[in-house]
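S.K.: Keeping the supplied structure of chain A fixed, place chain B upon it in accordance with the hints.
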Amino acid sequence: MTQQITQAVPERSEQPAPYDPPVVPGRGPTDWRGGWAWGIYAPLILLGVAVAFRIYQAFFTFPWGLDSSTPQFFWLWRMAVVVSLLGVGIFTVSWWGWLLQTARTIPQRISRREEVRRIAVFWGLVGATSVNLYIEASFWPNQDGAFHQTLVRDTAFTVSHIPMFYLFFPLGVTLAVGTYLYGRTRLPNVYGAGKGFPWSFFLLIAATVTEVAQVAMNEWGHSVNFGNAGAEEFFSVWFHWPFVLYGWLAGGIFALWGETILRLYQIEDDAEREETADAPAPQTVPAGGA
Amino acid sequence: MASSVIDVRAGELRALANREYRYIDRKWDLMFWVTAAFVVGAAANITMLLFAGDWDFWTDWKDRQWWMTITPFATIIIPSALQYIQWRAWRFPTGATYTAVCLFLCTWVGRLIQWKYFINMPINFVWSATWIPAGILMDFILMQTRSFILTSLVGAGAWTIGYWVANYIMLAPFLQPTVFMGHTLTVADVQGITYIRAQTPEYLRVIERGSLRTFLQETQYVSLAFGTTLAVVGYWIGQFIGRYLSVWPIGRFLKQV
Chain A
1 MTQQITQAVP ERSEQPAPYD PPVVPGRGPT DWRGGWAWGI YAPLILLGVA VAFRIYQAFF
61 TFPWGLDSST PQFFWLWRMA VVVSLLGVGI FTVSWWGWLL QTARTIPQRI SRREEVRRIA
121 VFWGLVGATS VNLYIEASFW PNQDGAFHQT LVRDTAFTVS HIPMFYLFFP LGVTLAVGTY
181 LYGRTRLPNV YGAGKGFPWS FFLLIAATVT EVAQVAMNEW GHSVNFGNAG AEEFFSVWFH
241 WPFVLYGWLA GGIFALWGET ILRLYQIEDD AEREETADAP APQTVPAGGA
Chain B
1 MASSVIDVRA GELRALANRE YRYIDRKWDL MFWVTAAFVV GAAANITMLL FAGDWDFWTD
61 WKDRQWWMTI TPFATIIIPS ALQYIQWRAW RFPTGATYTA VCLFLCTWVG RLIQWKYFIN
121 MPINFVWSAT WIPAGILMDF ILMQTRSFIL TSLVGAGAWT IGYWVANYIM LAPFLQPTVF
181 MGHTLTVADV QGITYIRAQT PEYLRVIERG SLRTFLQETQ YVSLAFGTTL AVVGYWIGQF
241 IGRYLSVWPI GRFLKQV
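The listed protein sequences derive, respectively, from chains A and B. With this note's numbering applied, the first sequence corresponds to residues 1 to 290, in that order. With this note's numbering applied, the second sequence corresponds to residues 1 to 257, in that order.
Some hints here could point you the wrong way.
Which residues of chain B face chain A? A partial, calculated answer using Cβ under 7 Å [to be verified]:
{"no.": "1", "residue": "Ile24"}
{"no.": "2", "residue": "Gly162"}
{"no.": "3", "residue": "Ala166"}
With a Cα cut of at most 20 Å, we get these calculated SDA-like pairs of lysine to any residue [stated by the list, open to error]:
{"no.": "4", "chain 1": "B", "residue 1": "Lys116", "chain 2": "A", "residue 2": "Phe62"}
{"no.": "5", "chain 1": "B", "residue 1": "Lys255", "chain 2": "A", "residue 2": "Phe62"}
{"no.": "6", "chain 1": "A", "residue 1": "Lys195", "chain 2": "A", "residue 2": "Gly258"}
No wet-lab data here; the hints were simulated from the structure. Note that the structure is a prediction, hence the values are computed from the model and not measured. Glycine included, every Cβ here is placed at the ideal spot set by N, Cα and C.
Chain A with its partners taken away, still in its complex shape (with noise of 0.2 Å):
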C-alpha cells in the first residue's frame, strides 16, 4: 500500500534555475547594441519611411498628384493607399503573431540581467511609439495644413492625407498595441495576465484608435463644409478637433515609463538585499584584543 501511494505521487521536481542569457561583450542588457539596440532602430526605421514618403512626394505631387480624376494619381497614389494599408497590414499579422507564437516557448522565469533587457527593449518599442506620434501629429498634420490651405482638393485621398491616415495613423494602432502585447506576455511582473488591464496602455490604445476612427468624421466634414460653405480651408475648424484628443489621451505613454522604471528600482533593490544577506557577516572583533 505504501509503495503503491509512493509510486503514485511523483516526486517534486526542482523548480529550473531562471533563464540567464549568455554574457556577449558589448551586448548586455543596457548596451548600445544590447537591449538598447531596438530603442535605436525602431524610431530610425520609422522616421525613415516618413523622409523617403515625403522625397516620393517631391517627385509625384506636383506632375501627377494635383488631380484624381487620371490614371497617373490612380496608379502614384490611390495605389500608395492600398500599398501603404496592405504593408501595414502584413506587418501587423507578423509582428503580433511572432509576438505570441514564442510568448508560449520563451522562458518566463527569468534572471534579473534578463528582466533588465526586456524592459529596455520595451523602452525602445515606447519610444518608437512615441516617434510615430510624432509623425502622426506634427510631421504630416504640418503637410496637410500647408496642402489643403493652398491647393483645391478634389478627393478624400489628397496627397497630403495618405501617408498620415492610411500609413502612419494604423502604424500607431500597430505600434501601441504590439507594445502592450511585448509587455504582457515578456514582463510578467509589470503586465502580467493576474494584474488586469493596465490602465497607462488603455489610455494609448485609446488615442491610437481615436485617431483612425477620427478619420472618418473629418472627411464626413470636409464634405458638409464643402457644401454649405463654399471650399474653405480652416485649419483650426470644429470637425478637426477630435484629433486633438488623441494628443491628450497619448499622456498615458508616461505611465509606461513610470511603471517600469518603478520595477527597474525593485531589482536594483532585489539585488541589494540578495547580495547583503550573502554577505560574509562582520566579525566582531572584541575590545582590546586582535
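M.R.: For chain B alone, kept in the frame of chain A given last:
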C-alpha cells in the same frame, strides 16, 4: 532636535544620490528625455495646430485680437501637463521650457520641410512663433511659488504676455505701414495678398479688422487680458492631462475580464 532630524534626512538623501546601481545608468535618462521629446512636441503641436493653427501659419493672421487670445490658450495646455509630470517626478521646474523647446523644434521642422520646401511659401511669411521665453518665465514662477494654483494665476499671465513680447520682436517689421495699390496697408497685408492661398477665403481682403487699427491699438491690451483669462483655463486642462492621464494610471489596472 530639529537639526538632527534634518541631518538624518540629509544623510538619507545623500546616500540615495550616491547610490551605486547595477543596471540603472545615464542611458535610461538619455532614452527617456530624447524619445519623450517626440510625443511631447507632437501633443503640443497638434493642440496648437487644430485650436489656433491658422493664426500662427501666416504673418498677416498674427493679428492683435485673435492671435494673442487663442494661441496662448492652445499652447499652455501641454506645458502645464509637463510641469506637473516633471515637478511630481523630480521636482524639476522645467516642464514648460522642455515642452516649448520640443514644440519649437517640431513646428520649425514642419515649416521648413512642408511649408517652405513642399508648397514653396517664403519662410518670412510662414515663420513660427516661439514659446521658449514664455516657458522659462512660467517655470520660474513655479520654482518660486511651488504652487500650481499660483502658477496658474500668475504663470498664465506670464505665459501670455511673455509670448506676445517675445514674438512682437519678430512681428514688428511686418507691421510697418506701406502703400499698396493706393491703400495704406502693413507689410504683412501685402504678403497675404501677394502669396495666394487659394483655399482660404481671406486672400482678397485684409485679415486684421480695421477697428484694431483705428482704436489706437488699445484692443491689443484688452486681448492680452482676455488671453490671460483663457490661458488660466488652458492651464487647468493641462493639469488634468498631467494628473489623470499621465501620472494617475501608473500601476493601476482595470478589472480582469
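S.K.: Tell me, which hint numbers fail for this structure?
M.R.: 2, 3, 5
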